[in-house]
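Undergrad: Here is how the chains run, residue by residue.
4 protein chains.
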Amino acid sequence: MSKVTKVVLAYSGGLDTSAIIPWLKENYDCEVVAFVADVGQGAAELEGIEEKAIASGASSCYIADLKEEMVADYIYPSLKTGAIYEGKYLLGTSMARPIIAKAQVECALAVGADAVCHGCTGKGNDQVRFEGAYAALAPQLTVIAPWREWDLRSREALLDYLAERDIPCTASLEKIYSRDANAWHISTEGGVLENTWNQSNELCWVWTKDPENAPEKAETVSILVEKGEVVAVDGEAMSPFNALTYLNEKGAEHGVGRIDIVENRLVGIKSRGCYETPGGTIMNEALRAVEQLVLDKESYEFRETVGLKASHLIYDGRWFTPLCKSILAAADELAQDVSGEVVVKLYKGQATVIQKRSMNSLYSEEFATFGEDDVYDHSHAGGFIRLYSLASRIRALNTQKKQK
Amino acid sequence: MSKVTKVVLAYSGGLDTSAIIPWLKENYDCEVVAFVADVGQGAAELEGIEEKAIASGASSCYIADLKEEMVADYIYPSLKTGAIYEGKYLLGTSMARPIIAKAQVECALAVGADAVCHGCTGKGNDQVRFEGAYAALAPQLTVIAPWREWDLRSREALLDYLAERDIPCTASLEKIYSRDANAWHISTEGGVLENTWNQSNELCWVWTKDPENAPEKAETVSILVEKGEVVAVDGEAMSPFNALTYLNEKGAEHGVGRIDIVENRLVGIKSRGCYETPGGTIMNEALRAVEQLVLDKESYEFRETVGLKASHLIYDGRWFTPLCKSILAAADELAQDVSGEVVVKLYKGQATVIQKRSMNSLYSEEFATFGEDDVYDHSHAGGFIRLYSLASRIRALNTQKKQK
Amino acid sequence: MSKVTKVVLAYSGGLDTSAIIPWLKENYDCEVVAFVADVGQGAAELEGIEEKAIASGASSCYIADLKEEMVADYIYPSLKTGAIYEGKYLLGTSMARPIIAKAQVECALAVGADAVCHGCTGKGNDQVRFEGAYAALAPQLTVIAPWREWDLRSREALLDYLAERDIPCTASLEKIYSRDANAWHISTEGGVLENTWNQSNELCWVWTKDPENAPEKAETVSILVEKGEVVAVDGEAMSPFNALTYLNEKGAEHGVGRIDIVENRLVGIKSRGCYETPGGTIMNEALRAVEQLVLDKESYEFRETVGLKASHLIYDGRWFTPLCKSILAAADELAQDVSGEVVVKLYKGQATVIQKRSMNSLYSEEFATFGEDDVYDHSHAGGFIRLYSLASRIRALNTQKKQK
Amino acid sequence: MSKVTKVVLAYSGGLDTSAIIPWLKENYDCEVVAFVADVGQGAAELEGIEEKAIASGASSCYIADLKEEMVADYIYPSLKTGAIYEGKYLLGTSMARPIIAKAQVECALAVGADAVCHGCTGKGNDQVRFEGAYAALAPQLTVIAPWREWDLRSREALLDYLAERDIPCTASLEKIYSRDANAWHISTEGGVLENTWNQSNELCWVWTKDPENAPEKAETVSILVEKGEVVAVDGEAMSPFNALTYLNEKGAEHGVGRIDIVENRLVGIKSRGCYETPGGTIMNEALRAVEQLVLDKESYEFRETVGLKASHLIYDGRWFTPLCKSILAAADELAQDVSGEVVVKLYKGQATVIQKRSMNSLYSEEFATFGEDDVYDHSHAGGFIRLYSLASRIRALNTQKKQK
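Protein chains in written order, with the numbering used here: chain B, 1 to 404; chain V, 1 to 404; chain H, 1 to 404; chain P, 1 to 404.
Simulated from the structure, these hints should not be mistaken for laboratory data.
Heads up, some of the hints might be wrong.
To be verified - The following label-pair restraints were derived from C-beta to C-beta distances: (1) H/E226 <-> B/S172: 57 to 65 Å; (2) V/A43 <-> B/K402: 41 to 49 Å; (3) H/A55 <-> V/W197: 55 to 63 Å.
Note that the structure is a prediction, hence the values are computed from the model and not measured.
Every residue gets a Cβ at the ideal spot worked out from N, C-alpha and C, and that includes glycine.
If we strip away everything but chain B, and leave its shape as in the complex, we get:
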């Protein structure tokens, strides 16, 4: 074991990181500083968290409010790329990890720590995301990943571990589902979901109404997009975090943003999760709709390529790399024209764009319809097609020549 004297732990207040505090002190003989990132996981999770950390043995507890920064500097740039992992997943957990790790590292440098620690398990993606960020930002810090070291293997073992040390803990023995929440989404894994042939049940969904219980009456929201970013909703200018929160409420009420997927983890296994991203789903639909108006054919295709590439980089914990910066720069450049207004209809689980317009729209009623216009002349098409299919023509003529 490496020799460390002061560790900054990414602390959530949950059972795992509560047990990690005494475990670190006992096994590394070090001071433990608890670091809490507020990424919008909700007031309930943050209430009394400082006291809890101290009670578990932390020497101090720092709470960083990262909500606006996360939406503005991590989510909005990602949204411009159109990144959706494996066709469905809006990357809620993935986008939160780099900002948490970065703030944790800043805390570690500020308090003079020589190590950082996280509570991620050894089978998940998050360990890679945290440690990828540590490596890029502060490679000199020792990394401690208790789940890959200790032999505690169940909730029961963790509860016993705390009880033996008289550390108070409100966690219950029975916790079927594993969840992760931030301003963008909440994920649920485990329990009934572990067999892919099982349907999800009501416990698998937390934020959103079941579409079957959502209002019978549809509702609309209008969204103003500027340079690829949501800047106002329903006529009101909003900060990124506020816009997201507002749309989360609207979307959740109508059952918008549920997915239930099996995905490829970076570490080589597959896992199943239920994700709820109500506001994010609406934002994503809105941005793509403006792109429909604004991006030309080749640009749209490239934006999709960029999104596909970005989805893996973000999922895989590659945020703090030159490659990710390059991809984000490409997307940001493409988004310079992506400004416009969109109306989205929310109904029974769906967010559907029903109106859209843009000053930069390449769509023109005049050009698209059958009448005459100055810009498009029917006769141009003949030459276009001839050259466009010339290779096919020559190839076919060759084949006929060979057959003779």
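Position chains V, H and P relative to chain B; hints supplied.
TA: Then chains V, H and P, alone, in the frame of chain B:
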């Protein structure tokens, strides 16, 4: 004008191609053979079509039943690629054009024609798709595209043209929307849709129920997939066309498969259309769900790349090219393991996979959960992460060295 | 024919554009302004060009020195992408067209012209590149492309046309090869090259020595690269144009930078050309060598993807599009670390990097060799491989299970 | 340590694998079977290898002649993709590993072994390639990688280890360079190459003449390509292995096929190597030249994409995956038209295609030149360009409208 003696026209029985028959005879002094492709556009459109063609002046009329072939040899291979144009469009019109053009060319060669003709306008994609196929399959045939030649510019002009020649026509003056249907989808353009800020109305949707009027009670269908193809539905083995028809009915009833988009046409302009693809939407969701179980991370990413590339090739009328064959070969190879069973829930416009399983599933309850297993050892992750983030670490160490 | 009053012609002083001046005046009844772009094609081509333009009937002649701008703002950004068209072509003509068209448009706007004209033929790429730039920069200007309009079809016809009008012309009847030169390269087409089975001969190469006649003794040049740009050569800081000129001389002496290829033109046909890019070949090798030291695996792969995409955009005349800007932004971001020093050996047609180093190098003697180090631990590899091949393992276990 | 009874070792006869035999017996208390793959590394390496294996303690030694199979089933399919790793490396070691591992596994299954072992170090790519193949082909076998287990860290330690056990060994203490050879290439690492600023010296190159000492007189070879495969050389039909051997001799004599690069290993570090691939370089040039004649623009671009993707899959040891099969299927489909004849000139380190022709050539003297023809009409270009640049035009018109 080229000298031609016998032209085979892709004839639909509608106003445009009805006017084309006399126009060809008058302007090219040639015999006109009407060719009708049955691609599942519906009995109504085919009823009495032979008589109509003859009445319009065709020397004969051939009807080819292409329904099963289209689904089996054009749609299923495309579905394996996952091609969705610009993120939304399931390529209904695009996939029908090559098979129609191919059968038309075969007809032309059989009857000894020296020209082929289509009724596509000069601003659309279909002219490129038809003529791209002609160039690849029979470059020696002269191509006639009346919409790029004549000076008829409105429905009124066409009706007058027919009336002057005493050719009976049931088409009405007022036809606001332009539509195209086949077994896979129906499209609607024009009218209120020409302004992107207008909402679609009830006339824009033909096959599917409005989700708001769809049944309150959800319904499920089960789909059996083998090597990337739907082979049985609700426990019954079905031919490709029959499976599609069955799912079209189910999907339409629940308002599934509507999209309302602005898209980039190949010819450089944008257009707006409402597309309904009820059965296709269900099939697509089912295939992707089996892929979730079966494809590893890099394979899934490549399948998405292939789908993106294929979406453009198919949309752009590149079916009969070596490149398209290459892409389809790649997708078919990837689909060899894509076998499994899926249950899809239909409700108020949504088709949601709620159960899925496969003999080839890489998902394993045993591996994904937190317990011990033979295949995945927590300790492996430490080494993995270390090497995975090594470049980041070295880069950061370099930066620190330079700063000293 | 459109009504125009004043045309700015991209004038080269050659036979074609000399004939275009009177042709425009006669056919469009307009004033013709000659615009000459100095992109480093050489003093010989520019000598007396103003007088020649006036003698041919131009009302005035403007010469713009674009040499430094072309290398700094068009070639260097392109080089960062690594764009090489179809594996060989360094895009010499392609990169010159946008800057010429842009300066021509600026001239047209400055002199109040209502039209622009170029002398490109109807079978080439350059017409697309010029007109693509015009469309993006000044769509209101009328575009005149005489080669697609007039019925002059040979050098003889052009010479006769000028002789009939008593316009002096030094062009000879016999000009076998068609060439295009700028600071970056010279191209040669036509003559013996028109049959791909013919070898090129000594007339096909203009700038570079035949490798077989190049010096027996190799020579080296050292190149300093900063952020993906050549900033000094052989120890001396040089402007982009000067660096290129210096390397052109060195490279040409040693027969470096010849290619003889068949390429796909944008307009659907193939053509064969001999291209000489001596300095550019050296610069490209130097940049790639620094990238070898600096870019991690995924970044290098993405740089190659970007280069492939950029090669088509640049070749296809897409410089002034949002997509090209996006690609260039991605490449520029990746190039931020591409700084270092390289020694290139020139010998008998080859430019080979023989030494390279960089402050940002991810290569480390310490890590790469077999001994112990702090950063890389052999034991990490076991875990890495296990997870890296996990999907293969699970797939194989599935197969074995099914076979039982 | 796992319990194993019989291990099949990939045995080369070199120092490392000679030491592994007794080490396995001592540490695993198991029988060791030596497996030798003949992939064209040369007679010298194979001479007396069976005796050597037995003398080192192996219970038996199997030698598999894989030469033709490697070229036909691994190299030729890879060549069709055009895979070149990081722009330079022709993947010589990478392509040999899967076939060796596959034959080794077959041997293990045949002799009833329960483990396989290789002698690759813990910092290289080969461990991943071997173990990736094992995982895909026989996941039930235990994998032993001594270099990641034992504490022998130098040649001296290995020699002492053998000496202590009285095992004869002809290896010398001083071996500066590490090499790997097969029919396709030879690689050299270590020694002077460990500093990237050092030039390679004469010890770094084994097969090929220094270009400066190569013949003053150029030589040509003619190559017949069918469906992307070399089928005859200099007028004589040859098996894949024989063609390669023949071209290796020709190329080596003229110093063709040397590269000296820094590359990204899969395990996160960079390494430098000198690679010699004389015949492979000639084959690659020949194939690409036929492609120049045969592939249309979009196909060529896709072939480059496929090659880029394949280069990583092959380098990364992904041969036995569905993804690699998919990529190879795509390339094979594209290669169906890649037939033709090429003449390559060899001179002072360069292999240059100087003549090429194909029955499937899309190049046509008639179409490419300036005269009239039936297939290409100058006037087509006007329409083509207009539509091709339409989005740029509309965008520019929008911008002008906004500025007003």
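Undergrad: If a hint holds in the structure, say so; if it doesn't, say that too.
TA: Okay, the hints, checked on the actual structure:
At about 60 Å, the CB distance of H/E226 to B/S172 agrees with the hint of 57 to 65 Å. The beta-carbon spacing between V/A43 and B/K402, approximately 44 Å, falls within the hinted interval of 41 to 49 Å. Between H/A55 and V/W197 the Cβ separation comes to about 58 Å, which falls inside the hinted range of 55 to 63 Å.
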